[in-house]
Amino acid sequence: MLNDEKIRAARGFLAWTQDDLARRTGISKSSIANIEAGRVDPETRTLRKIEESFAEHGIVFTATGVEKHDVVLTTYRQYMDVLRDVERTVKSGGEVLFHCADDRRSSPEVSQKLSAMRQAGYRFRSTICEGNTTILGDMADYRWIPEDYFSGSEICVIYGDKFMQHVPGKSEQHFVVMKSALHAEAMRRQFEYWWRTGKPIGGKDVQD
Numbered sequence: 001m002l003n004d005e006k007i008r009a010a011r012g013f014l015a016w017t018q019d020d021l022a023r024r025t026g027i028s029k030s031s032i033a034n035i036e037a038g039r040v041d042p043e044t045r046t047l048r049k050i051e052e053s054f055a056e057h058g059i060v061f062t063a064t065g066v067e068k069h070d071v072v073l074t075t076y077r078q079y080m081d082v083l084r085d086v087e088r089t090v091k092s093g094g095e096v097l098f099h100c101a102d103d104r105r106s107s108p109e110v111s112q113k114l115s116a117m118r119q120a121g122y123r124f125r126s127t128i129c130e131g132n133t134t135i136l137g138d139m140a141d142y143r144w145i146p147e148d149y150f151s152g153s154e155i156c157v158i159y160g161d162k163f164m165q166h167v168p169g170k171s172e173q174h175f176v177v178m179k180s181a182l183h184a185e186a187m188r189r190q191f192e193y194w195w196r197t198g199k200p201i202g203g204k205d206v207q208d
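Here the numbering used here is used: the first residue of the sequence shown is 1, the next is one more, and so on.
Simulated from the structure, these hints should not be mistaken for lab results. Fair warning: there could be bad hints in the mix.
[What the hints assert, rightly or not] Straight-line distance between alpha carbons at most 25 Å, and here's what the computed DSS-like set of lysine-lysine pairs gives:
#1 Lys-6 - Lys-49
#2 Lys-91 - Lys-113
#3 Lys-113 - Lys-68
#4 Lys-68 - Lys-6
#5 Lys-199 - Lys-170
#6 Lys-29 - Lys-68
#7 Lys-49 - Lys-29
#8 Lys-91 - Lys-49
#9 Lys-29 - Lys-91
Assemble the whole structure, with the sequences as input and the hints as a guide.
This is how it looks when you write it as structure tokens:
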């Protein structure tokens with residue numbers, strides 16, 4: 001059971017202030033202070049927000065205390081949730097890598113979100129299937145990779161100390177995010193290989 005002592009201990013692991021926790025959960029600082037002081041009995045959904053916020057940073061609450069894990073897995077059901085996590089993880093101006101991307105598959109909502117992120121200063125690079133001429137960003141930000149090595153539905157997104165792997169299902173989609181600086185760097189190196197060996201995109205038949 002999550003309680004005031006465990007919340008304070010979890011903040012200590014991450015060196016978070018009450019302001020930090022309030023910003024990450026959307027709960028007011030005064031409410032956080034009251035919970036930690038034991039002055040209120042918080043609702044279950046409030047505690048869930050707090051627990052999920054810490055879980056994204058490797059903090060796990062046990063029956064006897066608090067533990068910090070170096071590798072954290074989070075599963076999202078919507079791609080938009082992944083993009084929101086990108087914004088939480090990477091500051092504007094940072095770079096996001098998309099391996100085996102396909103702008104043709106993007107919903108209008110996703111396309112608008114990516115456009116807004118570009119305008120906000122995020123830098124994108126994408127590898128796409130050779131012959132795909134649907135480009136929603138600058139051509140210089142895309143590379144063609146051979147169709148034989150392209151996984152059409154399993155996009156991988158690399159950002160900050162995280163990477164996301166799409167795991168398609170029959171009835172629903174899963175977007176699994178691993179938070180691990182070591183693994184994210186390994187995925188980034190793999191992306192750079194495909195970027196260097198991929199073909200620059202050009203020609204009059206490219207759609208934008």
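Structure-based check of each hint:
For a cut-off of 25 Å, the pair hint linking Lys-6 to Lys-49 stands: about 14 Å separates their Cα positions. This hinted pair checks out: Lys-91 and Lys-113 have alpha carbons roughly 15 Å apart, not beyond 25 Å. Under the criterion of a C-alpha separation no larger than 25 Å, the hint pairing Lys-113 with Lys-68 is inconsistent with the structure, at around 33 Å. The suggested pairing of Lys-68 with Lys-6 holds, with an alpha-carbon distance near 12 Å, which does not exceed 25 Å.
Taking the CA atoms of Lys-199 and Lys-170, the gap is near 33 Å; set against the 25 Å cutoff, the hint is violated. Taking the CA atoms of Lys-29 and Lys-68, the gap is near 24 Å; set against the 25 Å cutoff, the hint holds. A distance of roughly 14 Å separates the Cα atoms of Lys-49 and Lys-29; the hinted pair therefore holds under the 25 Å criterion. The straight-line distance between the Cα atoms of Lys-91 and Lys-49 is roughly 22 Å, inside the 25 Å bound, and the hint therefore holds.
In summary, the hint linking Lys-29 to Lys-91 is supported, as the alpha carbons are separated by about 23 Å, within the 25 Å threshold.
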